[in-house]
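Undergrad: Respectively, the protein sequence lines represent chains A and B. When we follow my numbering, the leftmost residue of the first sequence carries the number 1, and every step to the right adds one. When we follow my numbering, the leftmost residue of the second sequence carries the number 1001, and every step to the right adds one.
It should be emphasised that the hints constitute simulated quantities derived from the structure, not laboratory data.
Which stretches of chain B does chain A cover? Using the computed rule of at least three CB atoms under 8 Å from a CB of chain A, they are:
#, segment
1, 1079-1086
2, 1091-1097
3, 1130-1142
4, 1149-1161
Ideal placement from N, C-alpha and C gives every residue a C-beta, glycine not left out.
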Amino acid sequence: MTDKTVPLPSRRALLGSAGKTLSIAGVAMMVGGYAPRIMRASAEELSSDVQILNAAIALEHEGIAAYQIAATSGLLDPAVVDIGVTFQGHHKGHRDELVKAVRTLGGTPVEEKSLDDYAKSLNAASLTNQTDVLKLALGLERGAANAYLGLIPSLGVDFHQVAARMAGDEAFHAAILANALGEPIPKNALIFG
Amino acid sequence: MKTQISRRWGSIACFASAAALLWACSPQDSTASPNPVPAIQATPTAPLVSPSGATRADPVQRAAGTGPSQAADAERGEKLYKAQCGACHSLDQNRVGPLHRGVVGRKAGGVPDFRYSPALQKLDLVWTAETLDTWLENPSAVAKGTSMGFRVRKPEDRAAIISFLETVTEE
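Looking at chain A on its own, in the form it has when it is part of the complex:
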């Protein structure tokens, strides 16, 4: 990719010096979808990808927590809870995929915070009815779709497709939520990004 390309042992040493280790499991996973880039990217590029992917994991942790807070708030109709739990499952799938990618790169996935921490940072105490909850969810989903699209240029090419697929999921969620709230369909194309 660049003239900074280095052989694997050097990359491992550098990542290790940054507090990250390339585990046996990580090596095993290198036979999977993310191996090609590992074999040609510089240590600096891989470390940058780890940082950005970890921010995405933090985003997914927050999304999972938001749906958990919503589902247990007592503010939602049962049918809405069911859909929210399904969306939460999608975010768990995103998290798992991102965690796998970070480990494959030799990084350490960021941990989730406590539910109380998320409730505070999302100002959950201000939610008083179902509409409030749906508006919060819509803001997070719309933002997440844009976030994934906006970070693609900063990520290594091996992660472009997975980021775009996650943006697609978030856009799907946002469309459902916006319609549930009675928002009009956007008239212009290129709604996200």
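Dock chain B against the given chain A, drawing on the hints supplied.
TA: Okay, now just chain B, sitting in the frame of chain A:
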């Protein structure tokens, strides 16, 4: 409202699914490039240079094309902020990223109780309209190794977001 919303879920799900699928199949931005860009000199007083090498003018002027008389609208910036930055940031709470109230004029990495990446901890820079414009265009060009990968591609959007942030001062 509850009943109305519940009814809508079923009736709109199929249409929204199809719309989302169509969106997902639309062409992606072909201008996105993984190619590395030259680092800029990130100091509070140095004139910033864009990744393309051009000296950076005031972002509002850059967006408007002719000067401050056509300054970007902070109201549009607020909408953009919510839609584009709101996944990770809010004005008054540290989330995935640090809170933004009072960001203009603050030293980079200066929000108390936020755990910054090493790249931001080392960054010697004050957030101004200029530095924020460079940052939003490509964070990695300012602080290599930052966890913020999100880029705002359009200069006019960056200018609007910055105009909004300039209005959000410490209370």
